[in-house]
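Residues per chain, in single letters:
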Amino acid sequence: MNHVLRSLLISAAMMFAASSVQATIEAYEFEDKATEERFQQLTEELRCPKCQNNNIADSNSPIASDLRREVYRMLNQGASDDEVIDFMVTRYGEFVLYKPRVTEMTWILWYGPFVLLGIGGLVVLLISRHKRRPVSREVESGLDASERERLNQLLEQDKKR
Amino acid sequence: MRRIMLFVPLLIFIGLGYFLWRGLSIDPTELPSARLNQPFPAFELASLTEPSRMMTQDDLKGRPALVNIWATWCPTCKEEHAFLNQLAQQGVTIYGINYKDEPLKAREWLKRYLDPYAEVVLDKDGSLGIDLGVYGAPETYVIDAKGVIRYRHVGAVDAVVWKDLKAVMDQIEAEGAS
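Protein chains in written order, with my numbering: chain A, 1 to 161; chain B, 162 to 339.
Honestly, the hints are just simulated from the structure, not real lab data.
All C-beta atoms, glycine included, are put in the ideal place defined by N, C-alpha and C.
Heads up, a few of these hints could be off.
[As the list claims (entries may be wrong)] List of simulated lysine to aspartate or glutamate pairs, EDC-like, C-alpha gap at most 16 Å:
| id | chain 1 | residue 1 | chain 2 | residue 2 |
| --- | --- | --- | --- | --- |
| 1 | B | K261 | A | E70 |
| 2 | A | K50 | B | D276 |
| 3 | B | K285 | A | D66 |
| 4 | A | K50 | A | E29 |
[Unchecked claim] Just some of the chain B residues that point at chain A, by a computed CB distance under 7 Å:
| id | residue |
| --- | --- |
| 5 | G178 |
| 6 | G287 |
| 7 | Y296 |
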């Protein structure tokens, strides 16, 4: 019995410890599930300008918290995802997007890998064709017709002996 | 044809090497300002020295000036403060934006370390900071007489940085004269 009580107490203590750690990132209340999901997605796709390898959902820097508040405010006012992204880009530049928009400048980023894949495939195709050709052809000895005839004669002579 | 093909790996290596070498000299923490050559964002915020007086972006117009984002919680701001005082003494107009700070502490700071600012805008919740694209104090902008942002520097202003800022301000002066 004592054992059970103790483990209960420990687990309760751990729960409180966990909640105090989480308190650094503020909790936002949403009217509906869809908005909450959009908030999650947007804050995960937006990069924190100060701590550059974090998105603003994960970072607890003051600027990230300000930007989360701003995203929350905009979503509550009925802004679309594009409006939120435009808001961020006009202030912090394309840099803040972890998922860059498809523009002329980012074509190489979006389509470059497929072009490289195509080039690679082409090279493989060319090489394999190149290799196959000499195999299917007759083995060349470098002799012309009269020389070949003589060679055959010599071989025949050999057999007769 | 065969011969040329042999050089392809070398060419790829040179291309790759160029990009990697360039990458070494690029500072990833230095972001291009999205606000460059755009008018200063609109705001309506109280003055730090007279909290009852509201200021707008129009109060920053009239002559080329520096706009300095600062706060008492920012150690680098303290570092550059003496230099800003020097600039103010030389007759450079500097506007301050007190960013996410406590007004009492900020006023105390200006009393203690002297006040280089022609005006200080109180941006307590950082909304003007977000509109400007500020991601860390201190930041210093050069604006022209019409309030258009011409240059942005992130980090402390010192003699070396001032050379760049001065060049932009001189250019603005030259434009105004012609």
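Each hint tested on the structure:
1. Our distance criterion of 16 Å between C-alpha atoms is met by K261 of chain B and E70 of chain A, whose separation comes to about 15 Å.
2. Straight-line distance between C-alpha atoms of K50 of chain A and D276 of chain B comes to about 28 Å, which puts the hinted pair past the 16 Å bound.
3. With a CA separation close to 12 Å, the supplied pair K285 of chain B and D66 of chain A stays within the 16 Å bound.
4. Taking the CA atoms of K50 of chain A and E29 of chain A, the gap is near 26 Å; set against the 16 Å cutoff, the hint is violated.
5. Because the closest C-beta pair between G178 of chain B and chain A is about 18 Å apart, greater than 7 Å, the hint is violated.
6. This hint holds: G287 of chain B has a C-beta 5 Å from the nearest C-beta of chain A, less than the 7 Å allowed.
7. With its C-beta approaching chain A no nearer than about 4 Å, Y296 of chain B sits inside the 7 Å limit, and its interface hint holds.
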